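Here the structure of chain A is known, so what remains is to put chains B, C and D in place on it, guided by the hints.
Chains as they are written, first to last, in my numbering: chain A, 33 to 383; chain B, 33 to 383; chain C, 33 to 383; chain D, 33 to 383.
Some hints here could point you the wrong way.
Unchecked claim - List time: in silico EDC-like cross-link candidates among lysine to aspartate or glutamate, alpha-carbon distance up to 20 Å: (1) K381(C) / E378(D); (2) K214(A) / E245(B); (3) K370(D) / E358(D).
For the record, the hints were derived by calculation from the structure and aren't laboratory data.
A quick note: this is a predicted structure, and the numbers were derived from the prediction, not measured.
There are 4 protein chains.
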Amino acid sequence: TRPREAAVHFGILPTGSLNAITDVPGVKVGHFTKIQGENIRTGVTAILPHGGNIFQQKVPAAVYVGNGFGKLAGTTQVMELGNIETPIILTNTLSVAAGIEGVVKYSLSQAGNENVQSVNAVVGETNDGYLNDIRGMHISSDEVIKAIQSAASGAIAEGNVGAGTGTVCFGWKGGIGTSSRKLPESLGGYTVGVIVQTNFGGNLQIAGVPVGEKLGKYPFKDALEKSDGSCMIVVATDAPVLDRNLERMAKRAMMGLAKTGGIASNGSGDYVIAFSTAEGLRIPYSMPSGKLEEAAYLRNDDMTPLFMAVIEATEEAIINSLFAAESMKGKDQHQVEKLPVGQVLEWVKNK
Amino acid sequence: TRPREAAVHFGILPTGSLNAITDVPGVKVGHFTKIQGENIRTGVTAILPHGGNIFQQKVPAAVYVGNGFGKLAGTTQVMELGNIETPIILTNTLSVAAGIEGVVKYSLSQAGNENVQSVNAVVGETNDGYLNDIRGMHISSDEVIKAIQSAASGAIAEGNVGAGTGTVCFGWKGGIGTSSRKLPESLGGYTVGVIVQTNFGGNLQIAGVPVGEKLGKYPFKDALEKSDGSCMIVVATDAPVLDRNLERMAKRAMMGLAKTGGIASNGSGDYVIAFSTAEGLRIPYSMPSGKLEEAAYLRNDDMTPLFMAVIEATEEAIINSLFAAESMKGKDQHQVEKLPVGQVLEWVKNK
Amino acid sequence: TRPREAAVHFGILPTGSLNAITDVPGVKVGHFTKIQGENIRTGVTAILPHGGNIFQQKVPAAVYVGNGFGKLAGTTQVMELGNIETPIILTNTLSVAAGIEGVVKYSLSQAGNENVQSVNAVVGETNDGYLNDIRGMHISSDEVIKAIQSAASGAIAEGNVGAGTGTVCFGWKGGIGTSSRKLPESLGGYTVGVIVQTNFGGNLQIAGVPVGEKLGKYPFKDALEKSDGSCMIVVATDAPVLDRNLERMAKRAMMGLAKTGGIASNGSGDYVIAFSTAEGLRIPYSMPSGKLEEAAYLRNDDMTPLFMAVIEATEEAIINSLFAAESMKGKDQHQVEKLPVGQVLEWVKNK
Amino acid sequence: TRPREAAVHFGILPTGSLNAITDVPGVKVGHFTKIQGENIRTGVTAILPHGGNIFQQKVPAAVYVGNGFGKLAGTTQVMELGNIETPIILTNTLSVAAGIEGVVKYSLSQAGNENVQSVNAVVGETNDGYLNDIRGMHISSDEVIKAIQSAASGAIAEGNVGAGTGTVCFGWKGGIGTSSRKLPESLGGYTVGVIVQTNFGGNLQIAGVPVGEKLGKYPFKDALEKSDGSCMIVVATDAPVLDRNLERMAKRAMMGLAKTGGIASNGSGDYVIAFSTAEGLRIPYSMPSGKLEEAAYLRNDDMTPLFMAVIEATEEAIINSLFAAESMKGKDQHQVEKLPVGQVLEWVKNK
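The shape of chain A in the complex, shown without the other chains (with noise of 0.2 Å):
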């Protein structure tokens, strides 16, 4: 069930149909699990912002990153060109290679890129090596062109799939949550779909109520345990934004992920990568010289709901990703719960 299914809600803007980052039209989401033996808990989730041929229609985009100890790759080229010519891919910190090595190769074999010799392949991480054999490197650039190629619209399985198969997320077991928001038609009527892998600690709070001191499971309870981990945030949306305003949308998603009770420790990897599906703003790969770029695109005047929708569905993402994921044995007999779901359902309801 997910949360909002209980009817817990995270803030006051209706979702989408799907309540999913797929209700943002043309976006697809590809996942890749990879469970064998005792010891592989790993995978890799790809998201494409539109269903073309990205590297010849680039999108707008932009990377925030909320604190910086992960291995995000690809992020100098998206701040400083304002877009994004490849899926983005999700896995586990050593396979970033395998998912750029597996991005180029796509996008080297597509059709119409015949003669590209630069990709900037976007490739994201968290560490899932409490479950995951991570030093095993099991991830393979087939794998990562796999979750690409399985990539469609319609609802997103949640939990344990993908990049979030082995993810562990304060203290329970995390994986990966998707939420969306449509505003009103009198703000625009946009979409606005959010997607993480959570792998994080902190305080949770779900929904207001404290989650974590009820459950006893705290930072530093015994001012011994770290509460170190990631969490990888991709935000969609069709409004036409360009990429300053993407990079202000970007930074709002920490904001959703601090009312979870996450508090970026040392040890976290947090990004947001954001961007825009709107046709009218893709880039295209090859124009002629000296022709200008016309679009139309949201003022800054016209942002704050669409900040306001960033901070909601990411919430519910994170909080939907616990929802969704079991619990699980991996690496070493290492046994990751799930969150007792009908407690916090209660504890909620009776707020």
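Below, chains B, C and D alone, put in the same frame as chain A:
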């Protein structure tokens, strides 16, 4: 009544003895409040990192820009050099010039600064123009110096004082608020103190209770209301933290703001200034050329408890500002009500 | 004589007709020069992106910090919103407050701004304290307004005028300098203009000739002399460039400075402010909510000629300031000599 | 012949004994050059900050992005934590994945790293696709490890070796170049070393002589030619400099590049990585929690000579790469000529 006196808690770490930024030894705060006639409702708040000559004994510092629709002066030098060399001034948007002039005159006139020709004044602001005749520019540089000279250790007045005199927050009367955290000895025993000037909007949440929604005050309720406004946040610590890690601490303050329901709207000037008072990290103005700085400072790995302290203290300082502020009538008969504290406390206790 | 009149060239692109920032249509520049008694040698330079109400018709803009030991006001808002809404003021370090006050008063008093309550003044400075009694803070807000009001199109006075009145550069008298480049029509035909306030040190190189070494004035010659000081650089273009690419243009100005031998020493406040005057990119203060901005702007791929133009024009503007400045005696009988232009020209021509 | 052997000087500071990055004690450099058949012209260059286990003994470091059209991996963690924990790898654009994989495998396999689960590989690149079949992705992770394992102290091969095998610079054959500066004892006696992988365009200037113009090779000569390409720059110093000031040093390398006529075109990936080898600033992977770092480091005020050293050594390293590179024929019979060194030397000497 402060929330904590009513047994409302924010997070898990204990506060310092005053639950104020002045729990950080050496930090001094001074208010100059200007309420005159029907239209003047403004003021100045000065925060002094220590009681000595700050220009001669600079402190490590950093600035984080949560949202930069604001006029904070002095940022680039703080970022470049990693230190602050003056009192920090908070005031209204159109009085930043008076703030700088006051700080410069104060610094030039201090004993020992007779040959100083360059002063980097750090002056922040929020816009109190709803209650205050801000276009009148009613703050003078002398009044800024008064705020500096009145700075003292000990308990701090909150609410409608100093730079918070005319501010509005979440649709209620905002103002100055402060809070602190004291880490357990096992985590270093350091103190983190926060002071805020609250003048922003969003979807108010207090200790997890969706107060904004319950009271029917939240952004875009009628798809019309704007939710703009700003928050200035100053973070002090006696932990020996260098500038890079101070910036990371500053970044976490926005996560505390997020927990109160702030959304960092387009029009907000949300800034965080963080400094360390650790005596071993003072940066003398004059030193023999070539002499190395010798210092002992916290490593990255030990920063997480301080991050959590910043988040908690910022959340509480903001809510403290709302609890302390009183209803006010000002410019053009504008009236802003005090938060209905009794109602809120009931909700919080029954959750 | 300007170097170009003596057949000295900087780079390969042609200049505009005035070889000045005012070659960019609409840009106006005003100087207020204050030379009084033996000790006052300072002033103000105002740069207006266009002749209308800038607050109501903001221009896309960016700031790049070459080295941030300076007090440039207004940076964070320019970076956040991507625009400038006031005249740009240059003055001395301790008169930034007067600069802000002047800009705010000017803006508040303009017809159409009667309800404006927030103004982001952009005020830069360098330190003229060697020749000028800077501690006297001899610039008033009225004098700042005078500089704004005197702004005009056409040729610009260089050397010991306005904000360059008392500055020192490479050990010689510095001041105001300006230059421009006009791209060939095949590259868009755009104009780039630069104006500088030169007050920095380094190892002077003019058109490739190591003038500093030949004249025996260079940093650490005696392993003693410092080489501090600052350079304020303003870049204007009529090319339709949005804020992200304006920031990239701004960044290239420091490369032009590098070609003169500047080293961006620790104590320098080297900042570049860039804006576009393209009428199609104006950002109106008031627009109906939700209405998209419709614009045509240059793509990343077409930026390189503009980058080259910035580099060339910045190098030439700096050298122009040195050629135009005259020897000056000021505070405490300090004397700074004019660059020996005849000697330099001989070297340059014989190379 | 290196230019300096022909009495060409760049700036005023003396070089180290090798005039190479390896003048910084402890720094090692290794090349793997891959020239196969008619189409493979590529390689790997590895720079090791010290000869020990870098993961266990990290070094303070910073990254500066001159222009971010590039794929440099590892940037955000270096910026967040202020250190580097692996060898630095340079290779071609589409082999960054191989670079990361090589560094990760190398690091995981080092004695003492048996439990390491997270490695931040720093891998830079430029695009050698004109001479090299870059789409073939001919570099393997094993070849990256070979470059690391071959790293040595002492003189460094320049020109068509390692990551510079197939690069092109200013229209001539580029490659690897290196240079150093040794400050006089009165300024600390520190050494600064630079190594570059040159693959960029612009208006070539050598020791002040406008070589590009004289040879008729410069950007937009026919308003048609593009001038894209990249430069990777690595700066090492034994001066005890913390991360913030290392970033400032990194920034100055772009000023050295500017002096060679580089323009940081739109398509360039110009990055600078700077680190300090000072033993007192090593950052151990494991330390008792709460233990302060005790260090002695350079103050802001003493940085200027190091800034100048970076500028000079970068300029010279770039020119060294051009002098050392030889003409090469590669992919699709593409031919790139060697800079006409004799002619250049004549011009330089006669200036």
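Consistency of the hints with the structure:
no.: 1; hint: K381(C) / E378(D); in the structure: 17 Å, holds
no.: 2; hint: K214(A) / E245(B); in the structure: 19 Å, holds
no.: 3; hint: K370(D) / E358(D); in the structure: 5 Å, holds
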